[in-house]
Amino acid sequence: MSAPITHLLDGETVTAVAGEVWSALVGEEEYLVPGYGLDGPPVAGPSAWVTVTGPWNGLVVLTCDQAGTADLTRSVLQMRADEEATEEDVDDVLRELANILGGNVKSLLPGPSVLGLPETGAAPLRASDEDTCRVAASWRGHHLAITIQGATEAPVFTTEVPL
Amino acid sequence: MKILVTDDSRVMRQIVIRTLRQAGYDDVDIVEAEDGVECLAKVGSDAPDLVLSDWNMPNMSGLECLKALRAQGSTVPFGFVTSEGSPEMREQAAQAGALFLIAKPFTADTFRDELDSVLA
Numbered sequence: 000m001s002a003p004i005t006h007l008l009d010g011e012t013v014t015a016v017a018g019e020v021w022s023a024l025v026g027e028e029e030y031l032v033p034g035y036g037l038d039g040p041p042v043a044g045p046s047a048w049v050t051v052t053g054p055w056n057g058l059v060v061l062t063c064d065q066a067g068t069a070d071l072t073r074s075v076l077q078m079r080a081d082e083e084a085t086e087e088d089v090d091d092v093l094r095e096l097a098n099i100l101g102g103n104v105k106s107l108l109p110g111p112s113v114l115g116l117p118e119t120g121a122a123p124l125r126a127s128d129e130d131t132c133r134v135a136a137s138w139r140g141h142h143l144a145i146t147i148q149g150a151t152e153a154p155v156f157t158t159e160v161p162l
Numbered sequence: 000m001k002i003l004v005t006d007d008s009r010v011m012r013q014i015v016i017r018t019l020r021q022a023g024y025d026d027v028d029i030v031e032a033e034d035g036v037e038c039l040a041k042v043g044s045d046a047p048d049l050v051l052s053d054w055n056m057p058n059m060s061g062l063e064c065l066k067a068l069r070a071q072g073s074t075v076p077f078g079f080v081t082s083e084g085s086p087e088m089r090e091q092a093a094q095a096g097a098l099f100l101i102a103k104p105f106t107a108d109t110f111r112d113e114l115d116s117v118l119a
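Going down the list, the protein sequences come from chains R and H. Quick note: the first sequence, position 158, residue 157 per numbering that gives the first Met the number 0, numbers continuous. Quick note: the second sequence, position 101, residue 100 per numbering that gives the first Met the number 0, numbers continuous.
Hints were generated in silico from the structure; no laboratory data involved. Worth double-checking, as some hints may not be accurate.
[Said to hold, decoys possible] To list a few chain R residues with every Cβ distance to chain H over 10 Å, as calculated:
(1) 22
(2) 41
(3) 73
(4) 98
(5) 115
[Stated by the list, open to error] Computed, partial: chain H to chain R, Cβ under 8 Å:
(6) 8
(7) 10
(8) 11
(9) 14
(10) 21
(11) 84
(12) 85
(13) 87
(14) 91
(15) 103
(16) 104
[As the list claims (entries may be wrong)] For each label pair, taking beta carbons as the anchor points, the in silico distance ranges come out as:
(17) 87(R) x 20(H): 21 to 27 Å
(18) 29(R) x 72(H): 42 to 48 Å
(19) 65(R) x 73(H): 42 to 48 Å
(20) 72(H) x 128(R): 50 to 56 Å
(21) 119(R) x 20(H): 26 to 32 Å
(22) 20(H) x 30(R): 36 to 42 Å
(23) 150(R) x 26(H): 46 to 52 Å
(24) 118(R) x 25(H): 21 to 27 Å
(25) 115(R) x 45(H): 27 to 33 Å
(26) 93(H) x 82(R): 24 to 30 Å
(27) 150(R) x 20(H): 36 to 42 Å
(28) 115(H) x 19(R): 48 to 54 Å
(29) 115(R) x 98(H): 23 to 29 Å
(30) 19(R) x 20(H): 33 to 39 Å
A quick note: this is a predicted structure, and the numbers were derived from the prediction, not measured. Glycine included, each C-beta is placed from N, C-alpha and C at the ideal position.
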């Protein structure tokens with residue numbers, strides 16, 4: 000069993016990884032503005048996540064407010080101003096962003112590890128604070144959170160709020 | 000020239016195709032597959048000049064697909080475009096016969112660096 004995530008990663012590293020993903024997928028001139036950590040306000044919106052299984056076991060979760068998910072989708076898909084993102088588009092974009100964030104986080108963890116397929120829904124309950132690294136940020140005024148949380152058989156905490 | 004883009008994410012297939020265009024491959028024909036099973040079938044039916052494949056997919060992973068292709072005697076050039084690029088995965092990819100592994104996120108420059116020699 001590996002050390003808890005807070006001994007393996009810090010918020011600054013996660014912010015740097017997320018910034019690279021944002022500029023490559025969302026747009027070269029798109030920036031994430033870092034905000035609070037674990038104690039920050041909850042983000043109300045849908046989540047997407049991937050599991051990491053290996054010496055460290057847990058999830059990499061992306062949660063974004065509802066309006067933000069639509070704008071994110073439009074940016075990633077480079078939609079025209081008059082195009083509407085479908086629910087499938089939004090779901091697919093969130094999944095892919097979580098997948099890429101997860102893959103990049105996994106590469107920073109002790110290995111070998113296996114990445115699961117991305118899922119979407121309400122943010123999964125999380126483990127203790129010691130095994131949770133959360134970065135809250137804003138993008139174009141939308142709130143989002145990236146949480147790397149240890150797996151737990153008896154999850155007792157939740158931070159983000161599903162709609 | 001024909002490229003088979005394999006990814007279970009429709010969004011990622013779209014981004015890969017867009018990046019191919021941005022990298023200057025404007026005149027290649029694109030064929031799409033949603034997983035390794037469909038990729039395997041389309042290599043047979045569409046005879047692509049290059050396969051670009053995700054690694055982690057339902058039904059059949061990209062690595063399983065590549066191994067199946069080589070077991071069938073196919074020598075189609077094959078490269079991974081995947082969300083993870085650990086040294087172990089790169090080694091597994093190379094041993095199975097992949098030409099390269101591009102880790103997401105990527106840029107048009109990354110595509111040109113890896114694809115120019117294959118498509119020349």
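Tested hints:
Under the 10 Å C-beta cut-off, the non-interface status given to residue 22(R) relative to chain H is violated; the minimum distance is some 8 Å. The claim that residue 41(R) lies off the interface holds: its Cβ sits roughly 26 Å from the closest Cβ of chain H, which is beyond the 10 Å cut-off. With a least CB separation of 12 Å from chain H, residue 73(R) remains clear of the 10 Å interface cut-off, as annotated. The beta carbon of residue 98(R) sits about 5 Å from the closest Cβ of chain H, which is not more than 10 Å, so the claim that it is off the interface is violated.
For residue 115(R), the condition that its CB be more than 10 Å from all CB atoms of chain H is violated, with the nearest at approximately 8 Å. Interface hint status for residue 8(H): upheld, as the beta-carbon distance to the closest one in chain R is roughly 5 Å, under 8 Å. Here the hint on residue 10(H) is kept, as its CB sits about 4 Å from the closest CB of chain R, short of 8 Å. With 8 Å as the threshold, the beta carbon of residue 11(H) comes within range of chain R, its nearest partner Cβ sitting at about 5 Å, so the hint holds.
Hint on residue 14(H) holds. Least Cβ distance to chain R is approximately 7 Å, under the 8 Å limit. Taken as an interface hint, residue 21(H) does not check out: its beta carbon lies about 11 Å from the nearest beta carbon of chain R, beyond 8 Å. Hint status for residue 84(H) relative to chain R: holds, with the closest Cβ pair at about 7 Å, below 8 Å. At its closest, the beta carbon of residue 85(H) sits 6 Å from a beta carbon of chain R; the interface hint therefore holds under the 8 Å criterion.
Because the closest C-beta pair between residue 87(H) and chain R is about 5 Å apart, less than 8 Å, the hint holds. The beta carbon of residue 91(H) comes no nearer than 10 Å to any beta carbon in chain R, farther than 8 Å, and the hint placing it at the interface is violated. Taken as an interface hint, residue 103(H) checks out: its beta carbon lies about 5 Å from the nearest beta carbon of chain R, inside 8 Å. Nearest Cβ of chain R to the Cβ of residue 104(H): about 3 Å, under the 8 Å cut. The hint holds.
A hinted range of 21 to 27 Å holds for the C-beta pair residue 87(R) and residue 20(H), which are about 23 Å apart. One distance hint, 42 to 48 Å for the beta-carbon pair residue 29(R) and residue 72(H), holds here, with the actual separation near 45 Å. Distance hint check for residue 65(R) and residue 73(H): the Cβ-Cβ separation is about 46 Å, which falls inside the suggested range of 42 to 48 Å. Evaluation of the 50 to 56 Å hint for residue 72(H) and residue 128(R) yields a pass: the beta carbon distance comes to about 55 Å.
At roughly 28 Å, the beta-carbon separation of residue 119(R) and residue 20(H) lies within the given 26 to 32 Å, and the hint holds. At roughly 25 Å, the beta carbons of residue 20(H) and residue 30(R) sit outside the given window of 36 to 42 Å. Between residue 150(R) and residue 26(H) the beta carbons are some 48 Å apart, a value that agrees with the proposed interval 46 to 52 Å. Separated by about 36 Å at the C-beta atoms, residue 118(R) and residue 25(H) break the suggested range of 21 to 27 Å.
The given range of 27 to 33 Å is respected by residue 115(R) and residue 45(H), whose C-beta atoms sit roughly 30 Å from each other. Taken as a hint, the range 24 to 30 Å is violated for the pair residue 93(H) and residue 82(R), whose Cβ atoms sit roughly 41 Å apart. About 40 Å separates the C-beta atoms of residue 150(R) and residue 20(H), a value consistent with the hinted range of 36 to 42 Å. One distance hint, 48 to 54 Å for the beta-carbon pair residue 115(H) and residue 19(R), is violated here, with the actual separation near 24 Å.
A hinted range of 23 to 29 Å holds for the C-beta pair residue 115(R) and residue 98(H), which are about 27 Å apart. For the hinted restraint 33 to 39 Å between residue 19(R) and residue 20(H), the CB-CB distance of approximately 22 Å leaves it violated.
This entry does not satisfy hints 1, 4, 5, 10, 14, 22, 24, 26, 28 and 30, going by the numbered hints stated previously.
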